[in-house]
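*Asks:* Just so you know, the sequences run in chain order A and B.
Residues 1 to 327, numbered by our numbering, are exactly what the first sequence covers, in order.
Residues 328 to 654, numbered by our numbering, are exactly what the second sequence covers, in order.
None of these hints come from the bench; they were simulated from the model.
Bear in mind that the values here come from a model prediction, so they are computed numbers and not experimental data.
Built from N, CA and C at the ideal position, the CB exists for glycine as well.
Each hint should be verified, as a subset may be incorrect.
[What the hints assert, rightly or not] Here chain A is said to cover these stretches of chain B; the calculated rule only asks that three of the stretch's residues, wherever they fall, bring their Cβ under 8 Å from a Cβ of chain A: (1) 429-440; (2) 517-530.
[What the hints assert, rightly or not] Not close to chain A: a few residues of chain B, all C-beta gaps over 10 Å, as computed: (3) I330; (4) M459; (5) E563.
So the chains spell out like this:
Protein chains: 2
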Amino acid sequence: MTIKIGIMGYGNLGKGVYSAIKQNPDMELVAVFTRRPKNSIKIQEDAKIVSVDDAKEYVDKIDVMILCGGSATDLPVQGPEFAKLFNTVDSFDTHAKIPEYFEEVDLVAKSNGHTSAISIGWDPGLFSINRMVSEAILPDGKEYTFWGSGVSQGHSDAIRRISGVKNGIQYTIPLDGAINRVRSGDDPNLETKEKHLRVCYVVLEEGVDKNKVEKEIKEMPNYFLDYTTEVNFITEDELKLNHSGMPHGGFVIRSGKTGFNKENKHIVEFSLKLDSNPEFTASILVAYARAVFKMNKEGHFGAKTVFDISLGHLSPKSSEELRKNLL
Amino acid sequence: MTIKIGIMGYGNLGKGVYSAIKQNPDMELVAVFTRRPKNSIKIQEDAKIVSVDDAKEYVDKIDVMILCGGSATDLPVQGPEFAKLFNTVDSFDTHAKIPEYFEEVDLVAKSNGHTSAISIGWDPGLFSINRMVSEAILPDGKEYTFWGSGVSQGHSDAIRRISGVKNGIQYTIPLDGAINRVRSGDDPNLETKEKHLRVCYVVLEEGVDKNKVEKEIKEMPNYFLDYTTEVNFITEDELKLNHSGMPHGGFVIRSGKTGFNKENKHIVEFSLKLDSNPEFTASILVAYARAVFKMNKEGHFGAKTVFDISLGHLSPKSSEELRKNLL
Numbered sequence: 001m002t003i004k005i006g007i008m009g010y011g012n013l014g015k016g017v018y019s020a021i022k023q024n025p026d027m028e029l030v031a032v033f034t035r036r037p038k039n040s041i042k043i044q045e046d047a048k049i050v051s052v053d054d055a056k057e058y059v060d061k062i063d064v065m066i067l068c069g070g071s072a073t074d075l076p077v078q079g080p081e082f083a084k085l086f087n088t089v090d091s092f093d094t095h096a097k098i099p100e101y102f103e104e105v106d107l108v109a110k111s112n113g114h115t116s117a118i119s120i121g122w123d124p125g126l127f128s129i130n131r132m133v134s135e136a137i138l139p140d141g142k143e144y145t146f147w148g149s150g151v152s153q154g155h156s157d158a159i160r161r162i163s164g165v166k167n168g169i170q171y172t173i174p175l176d177g178a179i180n181r182v183r184s185g186d187d188p189n190l191e192t193k194e195k196h197l198r199v200c201y202v203v204l205e206e207g208v209d210k211n212k213v214e215k216e217i218k219e220m221p222n223y224f225l226d227y228t229t230e231v232n233f234i235t236e237d238e239l240k241l242n243h244s245g246m247p248h249g250g251f252v253i254r255s256g257k258t259g260f261n262k263e264n265k266h267i268v269e270f271s272l273k274l275d276s277n278p279e280f281t282a283s284i285l286v287a288y289a290r291a292v293f294k295m296n297k298e299g300h301f302g303a304k305t306v307f308d309i310s311l312g313h314l315s316p317k318s319s320e321e322l323r324k325n326l327l
Numbered sequence: 328m329t330i331k332i333g334i335m336g337y338g339n340l341g342k343g344v345y346s347a348i349k350q351n352p353d354m355e356l357v358a359v360f361t362r363r364p365k366n367s368i369k370i371q372e373d374a375k376i377v378s379v380d381d382a383k384e385y386v387d388k389i390d391v392m393i394l395c396g397g398s399a400t401d402l403p404v405q406g407p408e409f410a411k412l413f414n415t416v417d418s419f420d421t422h423a424k425i426p427e428y429f430e431e432v433d434l435v436a437k438s439n440g441h442t443s444a445i446s447i448g449w450d451p452g453l454f455s456i457n458r459m460v461s462e463a464i465l466p467d468g469k470e471y472t473f474w475g476s477g478v479s480q481g482h483s484d485a486i487r488r489i490s491g492v493k494n495g496i497q498y499t500i501p502l503d504g505a506i507n508r509v510r511s512g513d514d515p516n517l518e519t520k521e522k523h524l525r526v527c528y529v530v531l532e533e534g535v536d537k538n539k540v541e542k543e544i545k546e547m548p549n550y551f552l553d554y555t556t557e558v559n560f561i562t563e564d565e566l567k568l569n570h571s572g573m574p575h576g577g578f579v580i581r582s583g584k585t586g587f588n589k590e591n592k593h594i595v596e597f598s599l600k601l602d603s604n605p606e607f608t609a610s611i612l613v614a615y616a617r618a619v620f621k622m623n624k625e626g627h628f629g630a631k632t633v634f635d636i637s638l639g640h641l642s643p644k645s646s647e648e649l650r651k652n653l654l
């Protein structure tokens, strides 16, 4: 018996989910659901593609639907909608709106006997786990999150909106000097801009003034103004050749003190170095789909976050096996 | 309302638990229980000391009893015994005997309506969590655990048993070269001895032959023979001055591949750098005491490991607060 998975949306994340399912013998892809014309989807190997309008016909054929849409417009609609029909997993990552989104999905999931894991991934997700656990263990301490090296979609979009820019990409680079100060237990006060460098690779339209574009990028409020920003001009070919991967990663570091006189210092660090952000995120979604499947069988209905799910549920191994071999 | 804690056993770990309780305003120490004569216990500040024989009088006064004894002889007896009377947390770390210990404590805890978190700490504990979760996310991968730099009690004891040795301490040092190969995604095959160096500081009795002792250490089977071992001779004063701390730490690193052709590589790393092994372990026990308290109120009885406990239970914050501020 395998866990039957549906994928809603087949962008980079959906593709990553499909390839992750293939790495997990206890799982099986039933179908990919899409709002696009079915024949517009290029899909690896032999997978079934179904129009989203026919999703309700799959209610009894799918154990968990993994929602692979974006947080801006897709998930706020799809999350509650699909929680009516299926157990779900999503990667909703608009931090400020999580409480509201949780309540909406929770209500629908509970009243339909479904289980929905929301905001799954690495941030929110694994990074949140590490922030929360290390704070609970070392209450007298300081927490630092560094992102990168990796592509920031929002900042890349901001560059591409500038007139005269044909294409571009922005990497967020964590600064070694800042990381080392944190690791040494220095407890520095650091703002995001003191922890990260922004490096841009920009392709210009013909005849556009480099200096003007560079100035416009570096002075863009919120995005670049407060940061050390490096702007490089390259050709479209170079962009395709060297910047089409989607690497990412980051660090969560907590330093804390213990002892009657707070005389002892401890550093807890969690870090990720990812060749492909969407594939790694997808692999997390798939592990949480397993947890959702188990929790639903156990009668735990409603919306769940990484804080509500006991970790053994992520593994295909039994509790006995986990105790014997992984504890 | 605070969570009322008892401490069973007042060695280094018990002391660490007391100081950790003081860092958590939602907790309160009721009493320290001991098998030793009560007046032999030196205790920081004003804590109540009670003979272990009177523990049952505290059944209604204590929410969670933290067992701070050793795994060799104390916990196998105390674990089941105290699970009859109290919710408990312990740091049972004899890996091979965990399944059996779990069953024993589970039976007693369940039939008495108690909750018992067993094998809590950093290894087993936080390291187990990271091994298990990263394996579930990246099934196609390889996992490495490095220990240290830190004091190995077992190896220090082995040195001290050698005739002519007055005192001694052994540090396990993870080898940077091996760590860097793993971090680079090389996936090397490494045995424990290829990952660690053993460094000994030895104080000799007067007139003892250095070379003879050094040879005896380096050729000791199981402990040192297969390792690169460094032996340093120092004075008792130097030992006291430079080697009375209890630092420890280590790394859990998983490298794994994703993608239809396994073309993308990911490195997940968790590391600890601890000034005081017992104080950090104690801080974990205290956070899990909070989880045990909450789970017992929710009606989750029996033995639990780090795999069975949802992480939000470790925090003094409410689920709403966690979603809002830590996700």
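*Asks:* Give a verdict on every hint.
*Replies:* Cross-check of the supplied hints:
With 1 residues bearing a CB less than 8 Å from a CB of chain A, the stretch 429-440 of chain B misses the requirement of three and the coverage assertion fails. Only residues whose beta carbon comes within less than 8 Å of a beta carbon in chain A count, and the stretch 517-530 of chain B has 0; fewer than three means the coverage is violated. Even its closest Cβ contact with chain A, about 13 Å, leaves I330/B beyond 10 Å, as expected for a residue assigned away from the interface. A cut-off of 10 Å between C-beta atoms contradicts the statement that M459/B is not in contact with chain A; the least separation is 5 Å.
Once the 10 Å rule is applied to beta carbons, E563/B is consistent with being away from chain A; the minimum gap is 23 Å.
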